[in-house]
Amino acid sequence: MMKPDPEMFLYASEKLKARPEECVMVGDSVNDDMLPARKLGMKTVLIKRNIRIYFESKKYEPVITDLNQLEQYLYS
Numbered sequence: 014m015m016k017p018d019p020e021m022f023l024y025a026s027e028k029l030k031a032r033p034e035e036c037v038m039v040g041d042s043v044n045d046d047m048l049p050a051r052k053l054g055m056k057t058v059l060i061k062r063n064i065r066i067y068f069e070s071k072k073y074e075p076v077i078t079d080l081n082q083l084e085q086y087l088y089s
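14 is the number of the first residue of the sequence shown in my numbering; add one for each residue after it.
Among these hints, one or two may not hold up.
What the hints assert, rightly or not - Capping the alpha-carbon separation at 25 Å, the derived lysine-lysine pairs in DSS-like fashion look like this:
| # | residue 1 | residue 2 |
| --- | --- | --- |
| 1 | K30 | K16 |
| 2 | K28 | K16 |
| 3 | K56 | K16 |
| 4 | K52 | K28 |
| 5 | K52 | K30 |
| 6 | K61 | K30 |
| 7 | K16 | K52 |
| 8 | K16 | K61 |
| 9 | K28 | K56 |
Bear in mind the hints are in silico, worked out from the structure with no lab data behind them.
All values derive from a computational prediction rather than experimental measurement.
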């Protein structure tokens, strides 16, 4: 089981004893992280680490550039 297989995301939520809609997926790939997680109802945060993500990121809010910004998103 590997990304982007949605089963991986379900497995992770089961291990956390959480429903997918209670989870937040933080990732740097639209295809491998954002799309499968959103398909399951998870919230997503895209971390923009390279220029390739710039063009894709406009469709995936919120977008952060540093993991330190994640706390601000989670508690806002």
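Task: Hints not upheld, ascending by number - done: The structure conflicts with hint 6 only, although it agrees with all the remaining ones.
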